[in-house]
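> Now for the letters of each chain:
Protein chains: 2
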Amino acid sequence: MNYFVLFVASVEVRFTIMISSTELKRLTSLRQGKYRKLHGQYLLEGVRLLEEALSAGVKISKLWHQPEDEQNDLQKSLILSAVQKGIPTEETTADTLLKLSDTVHHQGVIGVASLPKPAELGSSRGESLLYLEEISDPGNLGTILRTAWWFGIKHIALSLQCVDPYNPKVVRAGMGAHFNLSIYTRANLKELTKLGHEIVAADQNGEPLKSLKKISDPFCLVMGSEAHGVSEKSQALADKIISIPGNSGADSLNVAVAAGILLFTLFDKP
Amino acid sequence: MNYFVLFVASVEVRFTIMISSTELKRLTSLRQGKYRKLHGQYLLEGVRLLEEALSAGVKISKLWHQPEDEQNDLQKSLILSAVQKGIPTEETTADTLLKLSDTVHHQGVIGVASLPKPAELGSSRGESLLYLEEISDPGNLGTILRTAWWFGIKHIALSLQCVDPYNPKVVRAGMGAHFNLSIYTRANLKELTKLGHEIVAADQNGEPLKSLKKISDPFCLVMGSEAHGVSEKSQALADKIISIPGNSGADSLNVAVAAGILLFTLFDKP
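Just so you know, the protein sequences line up as chains X and G, in that order. Counting in the numbering used here, the first sequence runs from 102 upward without gaps. Counting in the numbering used here, the second sequence runs from 102 upward without gaps.
Some hints could be false.
Which copy is meant is left open, so a pair is good if it fits within one copy or across any two.
[To be verified] DSBU-like, lysine-lysine: derived pairs with alpha carbons at most 35 Å apart:
1) 200 to 270
2) 200 to 315
3) 135 to 315
4) 270 to 138
5) 177 to 334
6) 135 to 314
7) 135 to 270
Worth flagging that the hints you see were computed from the coordinates, not collected in a lab.
Please put together the full structure from these sequences, using the hints given.
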């Protein structure tokens with residue numbers, strides 16, 4: 102009798118709806134910038150990021166998740182919220198989730214969202230913003246976006262040479278910042294100068310941050326890459342050049358750390 | 102005649118000394134903490150890091166490099182410096198360098214260095230230090246070390262739950278900080294309180310950083326992980342609890358960015 106029960110248990114079959122190979126191919130292609138542009142979509146992975154997206158009203162077209170008996174409570178609750186908001190959800194295999202994932206272990210849930218309409222630089226008029234030049238490291242860009250969000254900056258302008266802000270690594274490090282910022286890509290600092298911001302560039306040879314008099318709001322903080330700093334061309338457009346002096350022989354600060362210190366000091370709004 | 106020349110050129114044979122499989126196995130094992138402890142060594146990859154190590158007088162036992170005709174000028178000059186300092190250098194294949202590398206592309210040069218003798222907490226007496234609790238992300242730990250170095254902090258104490266500071270990713274993100282700091286591992290905050298530092302813990306519910314009166318030197322800044330913050334036990338040992346208030350609905354700051362802001366504000370030494 103025991104053998105019979107064992108036999109019945111062993112033939113339990115799990116039916117998981119398979120994602121079509123065409124759809125899987127299209128989704129994995131979203132890990133690359135040109136396909137994100139082509140399809141106007143990007144990927145959002147993990148409970149925390151998807152929760153932020155849902156609460157910010159981001160348009161999520163679909164959400165894939167692992168089978169119910171493998172879900173933790175946070176994942177279950179996220180999927181329920183998505184269903185309640187009318188977002189199509191679909192169970193899929195760990196293998197598929199891993200193919201879509203940007204990390205070594207998938208996070209059980211992944212969604213696809215529409216890229217927001219490109220913001221117009223003009224809409225930053227009257228409000229402070231951060232202009233980034235040649236920030237190519239996705240983790241650094243994401244961390245800067247997260248920091249800007251924390252301090253209440255609403256506008257981020259990226260030069261043409263910056264990494265795509267919808268690159269999965271940038272989105273992951275941003276931790277929800279993307280849904281709460283206006284991001285201007287292919288931005289031109291010269292055009293920006295027409296909007297009336299005080300332009301403040303960060304450079305190792307600038308005026309020490311702590312000796313600065315108050316900077317007038319709205320202003321535009323300009324930061325460059327760790328390797329090259331703010332270009333001479335952009336420095337020439339700046340009203341002020343500031344620095345974060347160190348006390349040692351160290352070469353430089355991480356650009357996201359420098360951005361945090363500058364935003365903390367300058368963008369001090371109630 | 103031309104054919105003959107071509108023939109001669111084509112039989113040029115490159116003799117690259119092969120690293121023995123035993124040595125390669127031992128070296129790759131250094132990417133794991135337990136083998137670093139076992140052998141008392143760690144890996145240093147890339148020109149910039151090795152240059153910092155050489156100029157800080159780090160004991161490098163050996164340096165491997167790619168063949169001369171594949172080296173760039175920076176690599177050549179580094180290898181020359183190493184030779185002048187009496188460090189054994191050896192040519193090896195791209196394949197071997199990639200096996201030793203922590204990144205997707207090897208950086209042409211990699212060295213093995215002796216782990217420094219564990220520092221004694223007592224030697225931080227009279228000087229400010231940074232105590233880190235459960236910082237498990239290697240990139241964050243490395244960036245914090247780099248930031249501490251920049252601001253002239255000399256002492257870093259790590260709780261038992263922190264990632265190993267000689268993990269290759271930490272070393273890479275540290276960008277030379279390791280050679281210029283005293284790093285105390287398995288540190289205990291309670292023991293530290295006996296050394297007379299003012300203990301200042303960072304927590305979201307603490308006193309806002311900008312309203313702080315000057316903190317007396319020497320002090321010990323305590324920071325926890327992004328997920329858990331500073332433990333209640335450690336907060337109970339603190340003389341002061343401080344925070345970096347945000348102006349938005351964002352969840353938290355990146356821990357390395359927060360460390361940068363706190364160190365910039367507090368450790369303001371000439």
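> So which of those numbered hints doesn't the model satisfy?
2, 3 and 6
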